[in-house]
Structures are given as C-alpha cells and as structure tokens.
Amino acid sequence: MSNQQHARPEPVGGNLFNAATFVCGVLIAVLVAILFTRFLYGLGAVTHLNDGYPWGIWIVVDVVIGSAFACGGFSVALLVYIFNKGQYHPLVRPALLASLFGYTLAGAGVIFDLGRWWNVWHMFWPGYANPNSVMFEVAVCISAYIVVMWLEFSPVFFEKWGMRDARQKLNKVLFFLIALGTLLPMMHQSSLGSLLVVIGTQVHPLWQTPVVPLLYLLSAITIGYGIVLFESCVAASAYRTQIEVHLLEPLARIMLGVLAVFLIVRFGDLIVRGALGLAFTPTREAFVFWVETLCSAAPFLLIASKAARRNPARLFLAGLAIMLGGVFLRLNGFLIGYDTGPGWNYFPSSSELLVTCGMFAVEVLGYIIITRRFPVLPRVEAAH
Amino acid sequence: MANTDLIALERDERVSAAADRLSMSRREFLQFCAALAATLGLPQGADAAVAEAVATKKRPSVIWLHFQDCTGCTESMLRAEHPTLEKLILDVISLDYHETLFAAAGHQVEAARLKAMAENKGQYILVVEGSIPTRDNGIYCKVGGKTAVELTKECAADAAAVIAIGSCASWGGMPSTDPNPSGASGVAEVLGKPVVTIPGCPPNPYNFLSTVVHFLTFGKLPEVDELGRPKFAYSRLIHENCERRAHFDAGRFAMQFGDTGHRQGFCLYKLGCKGPETYANCSVIMFGDAGAGTWPVSCGHPCIGCTEKGVGFQKPIHSLATLKSVEPSVFLPRIVEEKGIGATVGAAALLAAVAGVAAGAGAMLTRNLGLSHQAEEAERAKQGKTRTSAEV
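Here the protein sequences line up with chains F and L, keeping their order. Going by my numbering, 196 is the number at position 196 of the first sequence; the sequence numbering is gapless. Going by my numbering, 431 is the number at position 47 of the second sequence; the sequence numbering is gapless.
Mixed in with the good hints, there may be bad ones.
[To be verified] Derived lysine-lysine pairs resembling DSS-like cross-links, with alpha carbons at most 25 Å apart:
| hint | chain 1 | residue 1 | chain 2 | residue 2 |
| --- | --- | --- | --- | --- |
| 1 | L | K499 | L | K442 |
| 2 | L | K769 | F | K306 |
| 3 | L | K766 | F | K306 |
Read the hints as simulated data drawn from the structure, not as lab findings.
Make a model of the complete structure from these sequences and hints.
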C-alpha cells in the first residue's frame, strides 16, 4: 500500500452556477425529456434501432465506450495498489470519481436500451439468470463493480460529513474492495470484447478475432491512463491549478508501454489470421481501421521523448488520441464493421445523439459538483 | 368384430363386386375405406372391417327430412369433387326418402317414406337437415300437411338412430339467430333426447359418411361429446391443427383483408377467425375435396365458427375469438420489419456540430496548455539562468 505522504485532497470550492454547469443542465433537461418519451412510447419512438441493428449508440457509446472511458480508476488503482507505485496516489480519487460516473451511467444506459426494462431484475434472479451468457457476465460484473466503486469512493463522503467511525470500519475492508475493484473490470472489459466473438462473422474480420477479449482489456487499460491525462489537463485548466506533470510524465511512459503491447497484439493477430490484407482494400471498413490505428499510434509521435511528455499540451493530445483510438476500436467492431445482411442499416437519430450528449453532461456536471464540494482533487501546492 | 386383415380381402369377390358397382378400381375402393377408418380415428385393421362391411352388409335405409334449411348440407354431399363420392354415398346407404333427390313428388313420395319406415322399422337411420320451427305450434314449416315437429317425432319413433346434419338441425343454426321469429330449434330439443349432431354450415360430408359407416360396421353410433358431436371429428379446436398456427405463435397477424400479412398467409385471428374457439376437424381433413389447402382459412377467410353454438351466426365475423387454449404475446413484431432509415439531415448535422464543438474545444485547450507550458519553460529558463549566474 501507499506509504508516502501526499498533498491532502481538498474541495476546490467556488460557484456551482456558471456557463459549463448551465450547458450541462440544458443537455440533461433534453435527456430527461427524450427518456420520458422513450419509456412511455418505447424504443421505436425515439431511436433508429431495428432488428438488424438492435444495439445503437446507447449501447456502443454510452455502455461499451462509456465504461472503457471509466477505466481511469481501474488503471490507476492497478498501478498504485497492485504494482505498489504509491507516488501516483493523488491521481486515484479524481480517476475513481470519473470512473464512478462512467460506470453508473453505463449501468443506467443499459436500462434505457432494454426493450422490456421492467424485467431488468431477471438477470440477478437465479431462476431467470443464464450463467452461460457473456451478457450475464458483463451485467453482473458491471453491477458489482458499480457497488464496489461507490464503496471505494465513500471515504470522500465520510470525510466531508465527518463520519469518522464509518471511515475506520470501511478502512478495514477497503483492501478487499480495492482488489475486487481491479479484478471486476478485467473480467467485464474483456467480456465486452467477447461479445464480438459471440456475434461471429457478422463482424468484419478486422475486428472479429478470438483475441478480441485481450485487445479490449489492453485497450481499456490504455484508455484508463489516457483519460487520466485528459482529465488532469482539463481539470487543471478549468480550475486554473497546477498540472501534476511530475506524475503524468512517468504515467504517460507506462501508458506507452501498454499501448505498445496492445499494438503488437493487434497487428500480430491480424497477420496471423491473414486479415491484414483487408486493411488495404478500398472499403469503408479499411478507412475506419486506419483512422483507429493512427489514433492509437499517435501518442508515439506526440510524447515519445521525456521533454515532450513534460508538455501538458502534448499529454492532453496523446490522452485524446488514445481515447479516440479506443472509441473507434469499439465503434468499428460494434457498428461500422458490423454487417447483419443486405438492406439493414443504422445511423443514430437526433434523439439518440442528444441522449448520449446528455449522459456525458451528467458525468461532467457530477464531476464539477463533487470536485467543488468534496475532497477529491489534491490541494494545490505552491510549486513542485 | 369383423375381419381385421386387409390381405385376407385381397381375393374376396365381394370386394371386387362392390368396387365394380361403384365404378372404382379395387384399390381405390380399399383406399377409400381406409380413409374413412382413418377419419374415424379407428385403429389399424379397422380399414378391413369397414371394407368388408361396405362390400357385404345390407345398406342401411336412410330417411332424410328437410325443414328450415338451404339444402347446403345435401349439396355439399353431392357436389363433392371426388369422382365417385356421390355414387358411393348413394351406394353405402339406401336413401329411401329425400325431398331434393327424389324424382317423385306429392303423396307418392310421402307414401314411399311410410313404406320404407314400415319395412325397416327399428333399423333405419333418420337424418334431419334444417331447423325445426316450434313457435305457434310449428306452423311455419309443413310438409304434406304435417308440421316439422310432427314429422320429426313420427320418423324418430321407430328409427335405429337419429342424426342431425348441419348447424340448423344441431341447435337451430342460422334460422335461430335473434330474434328467432319462428322459434327455430334443433332436433334434440324437439325430441327431448340427445341425438348425434354433425354441425357445420355445411358440414364436411366425410364426417357424416364416417358416422354412417361406423354404424354400418359396428352396429352403433360413434362416441359423441356433450353436444352430440362425434368425437372423432369434433374433439379438437380448429386452431390446434391449423396450418397458420405457427404465425399465431410467432405473432404474425393479417390486420386487414389484402394487407401484406394477409397476402403472406399470416394468422387470421385478428380478422376475427373463430378457429381458437371452434371444435371441428376442418384444419385436418380440409373441405370440398378440391385438393390440398382447400378450406376457408386456407383460402384466406377467417373461420366463422359454424360448428359451434353461440359462435357461428351469433358472433360478428370481425369480432375476436375467445381464446380457449393459448393467448398470443402482448409484444408482436411488425409485419414489415423496417431495415433502418439511414442518416437524417438533422441527426447528421447534430453529430457534425457535436464533433465540431469537441474539436474546437480540444484545439483551444491544447493551445492554452501549450502557451502556459511555454510561459513556464521561459520562467524556468530565466530562473535557471539567474541561479547559474548566482552560482557563478
């Protein structure tokens, strides 16, 4: 466990009413209005989903990509608690907070997409649950992880409300929760990839492979670090605080290492399966494959040297590139490279897009409120 | 029981003689008898018994009375397309009185009826077609000066068996529809005792013929349900064996005559098909002898429930049947499944706008981060320089 002394986290403070929270509020109001229609009149009333594309952006973006974005907590916890790199401890709470919202909203997003959402409890009920299903694994794992994460994050609330006893009691079992909190995402992030194995040949060969669970897991870990870079830069410039470059620089190096492993597995698999040739055909799939690959490889150009890694602008761009690479990996596998037969097509409706925007607005608003009012971000030191 | 070995009938001259008499080949005759036995749901071996009975036994005398009817039952029997069926009907039974088919008329034919009744006393089969008016002492239907009630009672008194053919004779049928001005009733009601009923409008001729052949072969009428309907024909819902049943279970329904679902042969339940509450074997043995797939539901019209009292002629054709076995799912797929409408202008514009705002914000943020980094580096360089000069 971490034994080093760090700057104590403190609430940022400040006014909750500003342009950012207002925009978020408007987007959330739109989200609520659309969901009201959706739950009253059904999926067909607001989405462009059809029998060929039963999963649209609510699943692929809000759940699959949303939960990958929420891997910051997992990636940093992995580093701090499993590899015992205590110096990164100040990054844990903010990363966990982003994860908390990402996963909680992913769990909620699943319910929006369920045609018979009132049966959602069936998946936890022994008589109804199907333990042989990949979806079951994902559902149970994500639900368990959401609970674990709220418990992991609860010290923040206990500190704020001065609940010393609860804090101490929780501390005794926290190691177990943290261990579970690193195990569960490894299970379901890989299972999200297994879904593509199950979908089978309807997925384009560039994304349909037996190693896709490993790819999704590696990609989720890199996105976790990418999101920490992104979030630290955005938070620092929004709250006009110092960027913890001394932490982000070595973190970015670790990220590059995992990313290299990811790219080796990715291309090794394509070569072994003989699918790489498809990337050089004039198709839409080949085009998006290269967009995805360029995004994933960009960090090697942006932050290869130590000097480059000390530049927050480059760290921010590298984080963004990794996130985009992960976005395209998932979008390509689940939607763009997914062909269910002649005639079927899908493009999200405005309502679907607005709901997804609304979901991200909830995350941003939640992050702003909690960091301004609860001890999450490390206190700003004069200089490092 | 009679012979149960078809092979034993192989060289039986009586069988060949019966086949000749019916202008059938011997094989066709035996096939016909096997079909009748199968319709009756009789076990293996019964085909031989039926063949032997038809070939050798004395044809039962049949008195056929007509009351308030349209003669559809008789027509369906005679118009059957099977080449020799009409001959066979007339050969299997000895039709001693039938108002439609008799060449004779008036007192002459009434005398024939009385003669047949006297000769076959206690052995003839009485078939009644049409409902019997009971209001005002039954004056609304008279034949030869006698009311339908009187004639029924007179003929039933010495009959070996009474069969009510068609829905009208079974319970009153179409003439008994509200307000039922003539007090139309079924045979059982008038006689005050249960009779075998072959409801249908018209009934399937095979169901009648099978009943008669059963009587001929085994000397008794087939087992019947509480409404007097032979169980071999009326123990199952039409719905149970309907060829469109899979569509019902899958939730594919025709919603209007001529719509896509109707043209594709989907279930007719929503058009008011009464198959789910009507007991009859139409979906099994078809109707009209015109080959496979010829019965009302197959032709695209919902079943009107003509064999079921309280359904046929009572419920409107469009009204939904009361489901007696399974309920259809509440969630039904569409008949024409939409395959996706692609990108709308609004959605594409919205996505582009979101992407644009995100890209713009990202670019601004990168620029600011870069600028502050430059400033910091400059500061650091300056500090470094001062420190070096101080050290120096």
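Outcome of the hint check:
no. : hint            : verdict
1   : K499/L x K442/L : holds (18 Å)
2   : K769/L x K306/F : holds (22 Å)
3   : K766/L x K306/F : holds (21 Å)
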